[in-house]
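S.K.: Going line by line, the protein sequences match chains Z and G.
Per the working numbering, residue 1 is the first one in the first sequence, and the count goes up by one each step.
Per the working numbering, residue 1 is the first one in the second sequence, and the count goes up by one each step.
Hints in this document: simulated from the structure, not taken from any laboratory.
Keep in mind the model is a prediction, meaning the values are calculated, not measured.
We put the CB at the ideal spot given by N, CA and C, even for glycine.
A couple of the hints might just be wrong.
What the hints assert, rightly or not - List of simulated lysine to any residue pairs, SDA-like, C-alpha gap at most 20 angstroms:
#1 Z:104 with G:67
#2 Z:35 with G:221
#3 Z:104 with G:318
#4 Z:72 with G:80
#5 Z:84 with G:73
#6 G:40 with G:96
#7 Z:84 with Z:127
#8 Z:84 with Z:114
#9 Z:104 with Z:133
#10 Z:35 with Z:21
#11 Z:84 with G:70
#12 Z:104 with G:246
#13 G:262 with G:252
#14 Z:84 with G:74
#15 G:196 with G:211
#16 Z:84 with G:274
#17 G:196 with G:246
#18 Z:104 with G:69
#19 Z:104 with G:63
#20 Z:72 with G:84
#21 Z:104 with G:316
#22 Z:104 with G:312
#23 Z:84 with G:262
#24 Z:84 with Z:68
#25 Z:84 with G:92
#26 Z:104 with G:313
#27 Z:104 with Z:130
#28 Z:104 with G:315
#29 Z:104 with G:73
#30 G:41 with G:196
#31 Z:84 with G:66
#32 Z:72 with Z:165
Unchecked claim - These stretches of chain G come out as covered by chain Z in the derived footprint (C-beta under 8 angstroms, 3 or more residues):
#33 74 to 88
#34 140 to 148
To be verified - Simulated DEER-style distance windows between Cβ atoms:
#35 G:210 with Z:46: 33 to 41 angstroms
#36 G:313 with Z:186: 37 to 45 angstroms
#37 G:316 with Z:163: 46 to 54 angstroms
#38 Z:155 with G:324: 52 to 60 angstroms
#39 Z:71 with G:219: 46 to 54 angstroms
#40 Z:125 with G:314: 23 to 31 angstroms
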Amino acid sequence: MLIDLSRCVGCNACTVSCKASNATPDGVFFTHVDKVESGTFPNTQVLLLPHGCMQCENAPCVAVCPTHASYKRGDGIVMIDQTKCIGCRYCIAACPYGARTYMKTINSYFSTGSSSDIFEQVGYSQYTAGTVAKCEFCATRLDQGYQPACVQTCPAVARTFGDLDDPNSDLSQAINSSNAVQLLPELGTNPSVYYILPEQPVTLAKK
Amino acid sequence: MTDTLFFTELSPWGLFIASYLFLGGASGGAFCIAALGEFKKEYQPLSKWAALVSVPAIIVGLLFLLADLGEPIRSINVFANVESSVMTWGSIIIVLFTLVGLFYVSFWLRFFPWSNNTRLRKLSAEAGLALALATMIYTGLLLGVAPGRPLWNSPLIPVLFAVSGLSSGIALTAIISILAPIKKLETLHPIDQIHKLDSYVIIAEFIVVASLLASVFVGSFTGSGSVTTILTGQFSLVFWFGLVTLGLIFPLGLQAYSRAKKNNFLSEILMSSFAIAISGFVLRFLIISAGYSIPIPYVANFFDLVQTSSPTLYDYVVTIGLFALLGAVYFGGIVILRSENTLLQMLRKNGHIAIEKTIKKIKK
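Looking at chain Z on its own, in the form it has when it is part of the complex:
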């Protein structure tokens, strides 16, 4: 995925559509927009940084998972097998990007206890309390030929999705023709999400 930070307005439409599409419980956000402040007043800048899971090539979460619940599927997406996860949170400790959420309890937005809302009843049944969940690039949507929800929804057309392994895809060409960077590249995780930094001189803090 490529995210163009010079286009992102921080509307959080991606956050909401992700939540709606994946039916994530209360407090669980697979993708969200962070605000990074830099400089001291009056010379401050704000950088809006949307991110979910980086789907790293050398994913530390896959390496440390003791049950093989975290695994990398054939097309490179890091998935979680909810039936194997024991909720040890080693993956959360290992992820440098804060992509994963531990769902200690599954809470409804509308009521305490079990929900009477049909969307929540159906949607939350795919999650088990006491396990970890994260962005999976809307794997089920991809299998049906759609784009991930965040990519489709973004009104500023800041997100591009495609095949990184194919040098002729729109995504690869867009990455090569711009100054796209990965976050925390020195950790050796080789994330699959690239960012085009905005024109203002904002430097991201190194590790």
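We have chain Z; now place chain G onto it with these hints.
M.R.: Frame of chain Z, contents of chain G only:
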């Protein structure tokens, strides 16, 4: 370097894992003393008590681990990833260590058919020693492989946790040996010796702590943030009081005091050991909490999703409950393994037992 807001995320690991790592390290350290008793005759009286410290500690540590899991029913899955997961390796090591430790304890219970076989006992002590060292190192290696946390991702962390485990294990062994009833005053001298050894171990531990903090501070921007929170930030009280004062200044100060008075006092050993044990727990909790509160390039969620990171009432109740269970097991073990003439009774009569004088009296 960009200024970024310091952001404390909810750490995935808290009181339960800190307790588990502490008990794992202390259990390994105590077993090292038990094994020492097998190879050096003067420490032999301590082997029984060190084993009594070691085995219940690792079992209660496993209970802490199970209490911490989101889905403990599936915990058998933890052995799946032998290729790359430190947690899988650690689970295997700890299970083996528990079994060998139980086998070693059975020699001291005397009603098993193999209880008088000293050769077999020594062999099991050797096997247990290897597993104990592996356990102590594993508790540090678990944190050491996490790539994004500079305070954890140092090769000094396994060293630190191993040394800390040894010092906590010695301290707990000293406490239980003093409180346990003994037939003769045979444990007086070895307790004194391991306590003196402990003072060297805690100095070594602090050299490692200082090296760790220094290397992490200069290693990266994020690392300097972690270390700043420990030295002057939100964890400074915990660090300077809970770790430096309780773990280094207080025990060494008491040592210096009793050296000046030309005798070691039993009450001094007891107080020092308690302080050292508590500081061992504080170290684990501190490294876990401070290692997670790092400034990362992206901070402050738009929707302010920061949840509170203080432990809940449930966390406190279960932690205190499990440590109380451990105390009850120690008490029960002391009763089972008991004899007359407790050092504790002597302590009540006269708190300042001059150890050298007493040993000279016994030898006469």
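S.K.: Run every hint past the structure and note whether it holds.
M.R.: Hints, one by one, checked against the model:
1. Z:104 with G:67: holds, 13 angstroms
2. Z:35 with G:221: At roughly 19 angstroms apart (the allowed maximum being 20 angstroms), residue 221 of chain G and residue 35 of chain Z satisfy the hint.
3. Z:104 with G:318: holds, 16 angstroms
4. Z:72 with G:80: holds, 16 angstroms
5. Z:84 with G:73: Holds. Residue 84 of chain Z to residue 73 of chain G sits at ~11 angstroms (cutoff 20 angstroms).
6. G:40 with G:96: violated, 25 angstroms
7. Z:84 with Z:127: holds, 12 angstroms
8. Z:84 with Z:114: violated, 24 angstroms
9. Z:104 with Z:133: holds, 11 angstroms
10. Z:35 with Z:21: violated, 24 angstroms
11. Z:84 with G:70: holds, 11 angstroms
12. Z:104 with G:246: violated, 35 angstroms
13. G:262 with G:252: holds, 15 angstroms
14. Z:84 with G:74: holds, 7 angstroms
15. G:196 with G:211: Given that 20 angstroms is the threshold and the Cα spacing comes to 24 angstroms, the pair is violated.
16. Z:84 with G:274: Not satisfied, since the Cα-Cα distance of roughly 41 angstroms exceeds 20 angstroms.
17. G:196 with G:246: holds, 17 angstroms
18. Z:104 with G:69: holds, 10 angstroms
19. Z:104 with G:63: holds, 19 angstroms
20. Z:72 with G:84: Roughly 14 angstroms separates the two Cα atoms, so the pair holds.
21. Z:104 with G:316: holds, 17 angstroms
22. Z:104 with G:312: holds, 13 angstroms
23. Z:84 with G:262: Status violated; Cα separation ~61 angstroms.
24. Z:84 with Z:68: holds, 7 angstroms
25. Z:84 with G:92: Holds - the C-alpha atoms of residue 92 of chain G and residue 84 of chain Z are around 18 angstroms apart, at most 20 angstroms.
26. Z:104 with G:313: holds, 15 angstroms
27. Z:104 with Z:130: holds, 5 angstroms
28. Z:104 with G:315: Roughly 13 angstroms separates the two Cα atoms, so the pair holds.
29. Z:104 with G:73: holds, 15 angstroms
30. G:41 with G:196: holds, 18 angstroms
31. Z:84 with G:66: Holds, at about 16 angstroms.
32. Z:72 with Z:165: holds, 15 angstroms
33. 74 to 88: holds (count 12)
34. 140 to 148: Held - the segment 140 to 148 of chain G has 6 residues with a Cβ nearer than 8 angstroms to chain Z, which meets the minimum of three.
35. G:210 with Z:46: 33 to 41 angstroms: Check passed, 38 angstroms falls within 33 to 41 angstroms.
36. G:313 with Z:186: 37 to 45 angstroms: holds, 41 angstroms
37. G:316 with Z:163: 46 to 54 angstroms: holds, 50 angstroms
38. Z:155 with G:324: 52 to 60 angstroms: Since the Cβ atoms of residue 155 of chain Z and residue 324 of chain G sit about 57 angstroms apart, the hinted range of 52 to 60 angstroms holds.
39. Z:71 with G:219: 46 to 54 angstroms: Check failed, 32 angstroms falls outside 46 to 54 angstroms.
40. Z:125 with G:314: 23 to 31 angstroms: 26 angstroms Cβ-Cβ, so the 23 to 31 angstroms window holds.
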